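Trainee: As a plain string of letters, each chain reads:
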Amino acid sequence: MDVKHVLDTLAHEEQPSTTVDLNRAIAAGRATRRRRWAVATAGALSVCLATVITWSGMEQRGRDDDVAAVVVTDALPASGVGPVSYAYYDWCGQELKPGKMRALGGKECLQWKVVTRTGQTYRVPEAVSVYVEQSKGNYMNTAAPLAITPDGRRIAYYSEKDQKFAVRDLASGKIWLAMPTVTRQQLVTRDTLLHLSPDGRYLAINGAGGPMVDDVETRRFLPSPKAGRRWP
Amino acid sequence: MSHDDEYTAYVGGRLPWLRRIAFLLCQDWHRADDLVQTAITRLYVKWRRARKADDLDAYVRVILVRVFLAEQRGGWFSRVGVTSAPPDLAFQGDDSDAAMDMRRALASVPPRQRATLVLRFYCDLSVEQAAAVLGCSTGTVKSQTARGLTALRAALVTPDPRLPQTEEC
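Listed in order, the protein sequences are those of chains Y and S. Position 70 (the first sequence) corresponds to 581 in the working numbering; numbering is contiguous. Position 132 (the second sequence) corresponds to 143 in the working numbering; numbering is contiguous.
Some clues are possibly wrong.
[To be verified] Label-pair distances were calculated between CB atoms; the ranges are:
(1) S:A109 to Y:T552: 52 to 60 Å
(2) S:D65 to Y:A549: 26 to 34 Å
(3) Y:R546 to S:K153: 51 to 59 Å
(4) Y:A555 to S:K63: 19 to 27 Å
(5) S:C147 to Y:T529: 24 to 32 Å
(6) S:S137 to Y:V558: 37 to 45 Å
(7) Y:V558 to S:R158: 33 to 41 Å
(8) S:D15 to Y:A555: 56 to 64 Å
(9) S:A157 to Y:T552: 33 to 41 Å
(10) S:C147 to Y:R546: 26 to 34 Å
Worth flagging that the hints you see were computed from the coordinates, not collected in a lab. Predicted model only: the values in this text are computed from it and were never measured. Glycine included, C-beta positions come from ideal geometry on N, C-alpha and C.
Given only the sequences and the hints, what does the whole structure look like? Please build it.
Mentor: So, in structure tokens, the structure goes:
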């Protein structure tokens, strides 16, 4: 039997009354259009919102960069400085490019900055900060350490002039040097951590020149604390 | 004439043709109506583009066939509807037994092959046109056509096993 004949025969059966409703199709079609329009509008609004948020974030970041790039001209006075709350350094407002920062060597903006609890910011010229000579492979060891006692009255840092770690009382200006001699090259090679006891008398060194605990006021070593032990 | 008026005029005039194609695809007038309803709703959504098409009938036929194939891929529950309407009208032609055989034979052909047969032998589309409607290659259309024809012919010559068999003496 011919296929076309089969199909034509079936197609020409008498059609029963239809339930197809044009008005229903139009109403459903309009609803679909409205839904798609709503989805498209919501998508467009989401994109706009995401753009605005991203732009605001970038603008905020730009402002943060501006703050970080503020030039600090005042060097830390020899004495009479109040307690500090925190310290920071940056790359003179530039982005860190390990192995490519040598051009910044010697610039004041690269030095450690301490911020007093009254909001005054000083740079610390005698404290080594960023290692501009650092290699790309050792990029995690970015800068020499600086520690602050909990009361903010003493700071510890590395003095390249003395080739030792130094603890400085900010109010009196008195400086104590730790016992071990450490070269800058040792610090650049080996990541080093400093920690001050609450009264600033003991300096713990881990890394170059350590591990050890130094009583800087009496210039003697203390036995290294056992794991889990607290300060003397 | 507004877009809605154009749409109403076109669909109103082509409704019997659409129902016939849908019926050949699914062998059920109620389900054919559901297919047509869905297809013309989609047509309304796309009407601004569809009215500019070179061949509007071909455009609608593509929608209808794809609605049918998409529904086939869905679950059984999406194809079956409970209705209070009476069964289809009795066949009004010359040979109701032959018509029932034809329906049964066409229903036994798998849906995609059935759609290929309808497009090729009822709508008189070429292999390339059928491939464009079905969204497949011409080779697939040829193989589906061959398998569909084989299945249809086999069903036409094989008696329905549900019917009582006459014993030969």
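Trainee: Determine for every hint whether it applies to the structure shown.
Mentor: Checked hints:
1. S:A109 to Y:T552: 52 to 60 Å: 57 Å, holds
2. S:D65 to Y:A549: 26 to 34 Å: 32 Å, holds
3. Y:R546 to S:K153: 51 to 59 Å: For Y:R546 and S:K153 the Cβ distance comes to about 40 Å; the hint is violated.
4. Y:A555 to S:K63: 19 to 27 Å: 26 Å, holds
5. S:C147 to Y:T529: 24 to 32 Å: 31 Å, holds
6. S:S137 to Y:V558: 37 to 45 Å: 44 Å, holds
7. Y:V558 to S:R158: 33 to 41 Å: Since the Cβ atoms of Y:V558 and S:R158 sit about 48 Å apart, the hinted range of 33 to 41 Å is violated.
8. S:D15 to Y:A555: 56 to 64 Å: Once the Cβ atoms are compared, 27 Å apart, the range 56 to 64 Å for Y:A555 and S:D15 is violated.
9. S:A157 to Y:T552: 33 to 41 Å: At roughly 49 Å between Cβ atoms, Y:T552 and S:A157 fall outside 33 to 41 Å, so the hint is violated.
10. S:C147 to Y:R546: 26 to 34 Å: The hint (26 to 34 Å, Cβ to Cβ) holds, given that S:C147 and Y:R546 are roughly 30 Å apart.
Going through the hint list in order, the structure does not satisfy hints 3, 7, 8, 9.
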